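J.: For reference, the chains in residue letters:
2 protein chains.
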Amino acid sequence: MTFHNKKIAIIGLGLMGGSLSLALKKRFPRCILYGVSRSKQKIRYARRNRIIDKGSCDLRVLLEKVDMDIIIIATPVRIIKKVITDIHAVARNKPIVTDLGSTKEELLRWVDRSSFSNVLFVGSHPMAGSHEMGLSVIQKDLYTNTMCFVTKTSKTSRKALRVVLNMWKNIHVRTVVINPTRHDKIVSKISHLPHAIALLLVHTTTRSGAAVLRYAGSGFLDSTRIAQSDASIWIDILLSNKVNIIKDLALFKNATDTLMHVLKKGDERKLRAFLLQTSAKRKKIKSLL
Amino acid sequence: MTFHNKKIAIIGLGLMGGSLSLALKKRFPRCILYGVSRSKQKIRYARRNRIIDKGSCDLRVLLEKVDMDIIIIATPVRIIKKVITDIHAVARNKPIVTDLGSTKEELLRWVDRSSFSNVLFVGSHPMAGSHEMGLSVIQKDLYTNTMCFVTKTSKTSRKALRVVLNMWKNIHVRTVVINPTRHDKIVSKISHLPHAIALLLVHTTTRSGAAVLRYAGSGFLDSTRIAQSDASIWIDILLSNKVNIIKDLALFKNATDTLMHVLKKGDERKLRAFLLQTSAKRKKIKSLL
Numbered sequence: 004m005t006f007h008n009k010k011i012a013i014i015g016l017g018l019m020g021g022s023l024s025l026a027l028k029k030r031f032p033r034c035i036l037y038g039v040s041r042s043k044q045k046i047r048y049a050r051r052n053r054i055i056d057k058g059s060c061d062l063r064v065l066l067e068k069v070d071m072d073i074i075i076i077a078t079p080v081r082i083i084k085k086v087i088t089d090i091h092a093v094a095r096n097k098p099i100v101t102d103l104g105s106t107k108e109e110l111l112r113w114v115d116r117s118s119f120s121n122v123l124f125v126g127s128h129p130m131a132g133s134h135e136m137g138l139s140v141i142q143k144d145l146y147t148n149t150m151c152f153v154t155k156t157s158k159t160s161r162k163a164l165r166v167v168l169n170m171w172k173n174i175h176v177r178t179v180v181i182n183p184t185r186h187d188k189i190v191s192k193i194s195h196l197p198h199a200i201a202l203l204l205v206h207t208t209t210r211s212g213a214a215v216l217r218y219a220g221s222g223f224l225d226s227t228r229i230a231q232s233d234a235s236i237w238i239d240i241l242l243s244n245k246v247n248i249i250k251d252l253a254l255f256k257n258a259t260d261t262l263m264h265v266l267k268k269g270d271e272r273k274l275r276a277f278l279l280q281t282s283a284k285r286k287k288i289k290s291l292l
Numbered sequence: 004m005t006f007h008n009k010k011i012a013i014i015g016l017g018l019m020g021g022s023l024s025l026a027l028k029k030r031f032p033r034c035i036l037y038g039v040s041r042s043k044q045k046i047r048y049a050r051r052n053r054i055i056d057k058g059s060c061d062l063r064v065l066l067e068k069v070d071m072d073i074i075i076i077a078t079p080v081r082i083i084k085k086v087i088t089d090i091h092a093v094a095r096n097k098p099i100v101t102d103l104g105s106t107k108e109e110l111l112r113w114v115d116r117s118s119f120s121n122v123l124f125v126g127s128h129p130m131a132g133s134h135e136m137g138l139s140v141i142q143k144d145l146y147t148n149t150m151c152f153v154t155k156t157s158k159t160s161r162k163a164l165r166v167v168l169n170m171w172k173n174i175h176v177r178t179v180v181i182n183p184t185r186h187d188k189i190v191s192k193i194s195h196l197p198h199a200i201a202l203l204l205v206h207t208t209t210r211s212g213a214a215v216l217r218y219a220g221s222g223f224l225d226s227t228r229i230a231q232s233d234a235s236i237w238i239d240i241l242l243s244n245k246v247n248i249i250k251d252l253a254l255f256k257n258a259t260d261t262l263m264h265v266l267k268k269g270d271e272r273k274l275r276a277f278l279l280q281t282s283a284k285r286k287k288i289k290s291l292l
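Protein chains in written order, with the working numbering: chain A, 4 to 292; chain B, 4 to 292.
If you're looking for bench data, these hints aren't it; they were derived computationally from the structure. Small disclaimer: the values here were computed from a predicted structure and weren't measured. Mixed in with the good hints there might be a few duds.
Since copy identity is lost for identical chains, a pair holds within one copy or between any two.
Here are the simulated DSS-like pairs of lysine-lysine, each with C-alpha atoms no more than 25 Å apart in a straight line [stated by the list, open to error]: (1) 29 with 172; (2) 97 with 43; (3) 286 with 155; (4) 267 with 84; (5) 57 with 85.
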């Protein structure tokens, strides 16, 4: 399947959905991009700014009128199942459906169990974004040169997987095919644990008022930047991956205990080893990108 | 005291000392800046690149020859006492001495107890820097528009305090006069705790190899940037402020326990409140700068 002349719907017009629509329109000028949002205002804004070609406030109504080739669900995690159920209820063709959600295990287990007859679902999780939200901050290059996880299970349609991989590659996104269980373990470590830690850091340092933070420098600000992210998106993520996150928080706590013990004893040798090893590991990460 | 024509010595030619020397030379072209380092190579580099006017490998020898007006100690924390002792041993005039170290309580207690007859010491802690090290990354604007803590105790010379405050203001650094005990409590929260947390985050996520981190995005990288900092500088900082850091790590652990409990129970209401409050607090911090 090539993408020219295809009909693509994007459900959810926020930073992620809006930026993806722009990138797809730029790469495939002859596709028709349909934007779906409950907010008429967002649709108006998106049409006026040529972020989408057409808009609708009601996915079911839209799908009853138009057979989509690809549907991209760009909503918070908890709404994804509901959207898939809606698509399943009304789609007459067999659209390829993907999402942009940050957790995958629970969703794909549900999708596989449901065995939808008329939805070919493949999960996507692009490692792109910002702590800022909404259509006003969209960027046509948000995804360029980033990486996207794409799920594959025993029930995943080969054709749908190929199309979704192709879509990402076409807008210069490197793809990593992964099973949903492993995906959720990895993102707990690289994204959800760091997010929880940033929140806990802000919480701990502002316990007795935020006054001391008037002196915070770039180190503190960088360490806690992600704590500014949208709460409703993160409630879904933290709850839907809570098993892995709780495990990683427990590991973190153990490491904290060890460090506290080393500090209490003033064990310079162990502290030096910890600092040297850790800073060397961190320096290596940069070079992997 | 004005700064024109003064003799200023900077002990330690790294990022902090080198950048300060450049800023002072730019602001006070008629001062003479003396750089002191054990490394002849660094002195050669600093002279060749006009970072300093004159250099010496031996502070005692230099002070036997030249009466400094101001001496700035830009070494790791643990060496500061040794440098002050050296100055005390050979200075014939009564130079004003300051430092750039990140902890102050232990140092100032020692200074006040020592009652040096020929050293007027005032502690400085500029909230500027980088995780990168050395003369090759110095910037003449490293300090511009940043903030610097300056210590005041019952024994601090008024004159020396005035001169040190003046020096910082002249290179566009906002100063905050503070007592050393309160200083160390504050920087534990805004700098040392975040540093320890960044190290623990890298440590926890790389326990079973660094492989997963090939997928890390900008969130992870920002959260852990400071973990790359120089180990020897941070051993000194963490050990010299360990009482406050251990207290803050304990608070952090308590908050972690609470979050783990909320996640385990799937308590959406509490999780939402935590996320909303914390992200609102973090957003406020930016606006204080």
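J.: To test your reading of the hints: which numbers does this structure violate?
T.: Going through the list in order, the structure violates hints 2 and 3 and respects the others.
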